[in-house]
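Asks: Start from the sequences and build out the full structure, keeping to the hints where you can.
One-letter residues, chain by chain:
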Amino acid sequence: MNEGQKNVWRAILLAVAIGGIGGVYFYTTSPVDVGPPIPIVDPSPVDPPEPTPITPTGVAILILTDSINFDDVNRGQVEAIYAKACRDWADAHCDRDAMTGQPEFRVLDRQSGFHEKDVKWKSVVTEYPPKRYPWMYLSNGVNGTQGDVRNSVSEQISLYKKWGGE
Amino acid sequence: MTYSDAGYSKGMIPRDYQSRPLGSFAARSTLKLTPRSEWKDRIAEKTENQSWIWDRCKAIVPILDQNGYSWCHGFGPTGAAMCAREMAGLPYKELSASSVAGPVTNWNKDMGQYIEADMKQIQDVGIAETSFVGMLTNDRRVWTAEAQANAALHKMKCLDLDTNNYDELVTCALMGIPTIWGVNDWGHCIYGGVKLRYNTDGSVHIMGVNSWAATWGDGGTMWTGERKQHMPNEAYALLVSDSQ
Chain A
1 MNEGQKNVWR
11 AILLAVAIGG
21 IGGVYFYTTS
31 PVDVGPPIPI
41 VDPSPVDPPE
51 PTPITPTGVA
61 ILILTDSINF
71 DDVNRGQVEA
81 IYAKACRDWA
91 DAHCDRDAMT
101 GQPEFRVLDR
111 QSGFHEKDVK
121 WKSVVTEYPP
131 KRYPWMYLSN
141 GVNGTQGDVR
151 NSVSEQISLY
161 KKWGGE
Chain B
1 MTYSDAGYSK
11 GMIPRDYQSR
21 PLGSFAARST
31 LKLTPRSEWK
41 DRIAEKTENQ
51 SWIWDRCKAI
61 VPILDQNGYS
71 WCHGFGPTGA
81 AMCAREMAGL
91 PYKELSASSV
101 AGPVTNWNKD
111 MGQYIEADMK
121 QIQDVGIAET
131 SFVGMLTNDR
141 RVWTAEAQAN
151 AALHKMKCLD
161 LDTNNYDELV
171 TCALMGIPTI
181 WGVNDWGHCI
191 YGGVKLRYNT
201 DGSVHIMGVN
211 SWAATWGDGG
221 TMWTGERKQH
231 MPNEAYALLV
241 SDSQ
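Quick note, the sequences are listed as chains A and B, same order.
So that you can map any letter, position 76 of the first sequence is 76 in my numbering, and since no number is skipped, the others follow by simple counting.
So that you can map any letter, position 32 of the second sequence is 32 in my numbering, and since no number is skipped, the others follow by simple counting.
Just so you know, these hints were derived from the structure itself, not from any lab.
The beta-carbon is built from N, C-alpha and C at its ideal position, and this holds for glycine as well.
A couple of the hints might just be wrong.
As a list, the in silico DMTMM-like pairs of lysine to aspartate or glutamate whose alpha-carbon atoms are at most 25 Å apart [stated by the list, open to error]:
1) A/K84 / B/E94
2) B/K228 / B/D185
3) B/K157 / B/E129
4) B/K58 / A/E127
5) B/K93 / A/D118
6) A/K120 / B/E86
7) B/K120 / B/D110
8) A/K122 / B/E48
9) A/K84 / B/D162
10) B/K93 / A/E127
11) A/K161 / B/E48
Counterexamples of contact, computed for chain A against chain B with all Cβ distances above 10 Å [to be verified]:
12) T57
13) A85
14) H93
15) V142
16) N151
17) S158
18) G165
Replies: As structure tokens, then:
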């Protein structure tokens, strides 16, 4: 290999190295990077790790929103939270509180914090700190999921049915 | 029946934004406003999904009746609080507007008040259930230690919304957040944003819920809009802070 050929290879290697460093730099400093993805909400066919159930017998759902910083909420997520079809599913499938008979379904706002008596829901958030909002936790008493609220009513219903049954 | 016909005294004292600017007593909302270009589609989508606040609340949250008391400043926020609880999935509890308006007027039923006073009361003291304080009472003896302890279970955080900002009211309605309104041309406080309506002329109207009984208006509700009569001048929102 003559000196000219060596210079060509040196240039190629240098370009590859710079590209690699640049890629790493972009990955670690990109403003849209919100940390490692939450594996549980990835719609991959592999079932995620199981959240600790908070109801031993039935379905419980907690959704946390952030009313002050609603910028990241898309319209599909708002519908997924409040659409009648989603609320009807929750009313029909969620476990009932022993004292009030209320379905174990809550849409709370992170800005308001938790009441001191809200040990159950507070422990969920402590164990699975949300990475972004709106965030949801679903337990069926055995396993479940947590992560982003889905982007449409149909996707949210599918998620509910996957973990909570038809 | 108009406001004057009803014989009510003006219950809401307009806020002085010079001495008490936005954010002075509660967090200022930084909601990203929904572009007007999206309003028509969003309204159609929410109507199809039946995801309006009123879709969920109209059969559960009663139309309140202040019955001549000047306590609209307590009735509006209390109605909104019950709607916010319902949207959050909390058990239905009938909350007492008098437990809010009474303490901030020294239980004087003819005394108007700034809405902020009632909002601060809800934020700092809470709202008692009607089993502790009747919905309409100016008997200060009901404000017992037990009633105050019950009120503390229903504290709610307040958001201070912009003044004369129709876009923010519409955005809240689209987001499922009921709003408390101060209406200067009425001297009155109600709550609203529970539903939106797109009109054939391209305008968008917003539904308000009054506290003059279900016999008033359209089942106790009304529609208003930008540059329309009874367009809100002040606005606030409540965030649920308990899950019981």
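Asks: Hints numbered earlier in the text: which of these fail when held up against the supplied structure?
Replies: As far as the earlier hints go, 4, 8, 9, 10, 13 are violated by this structure, in ascending order.
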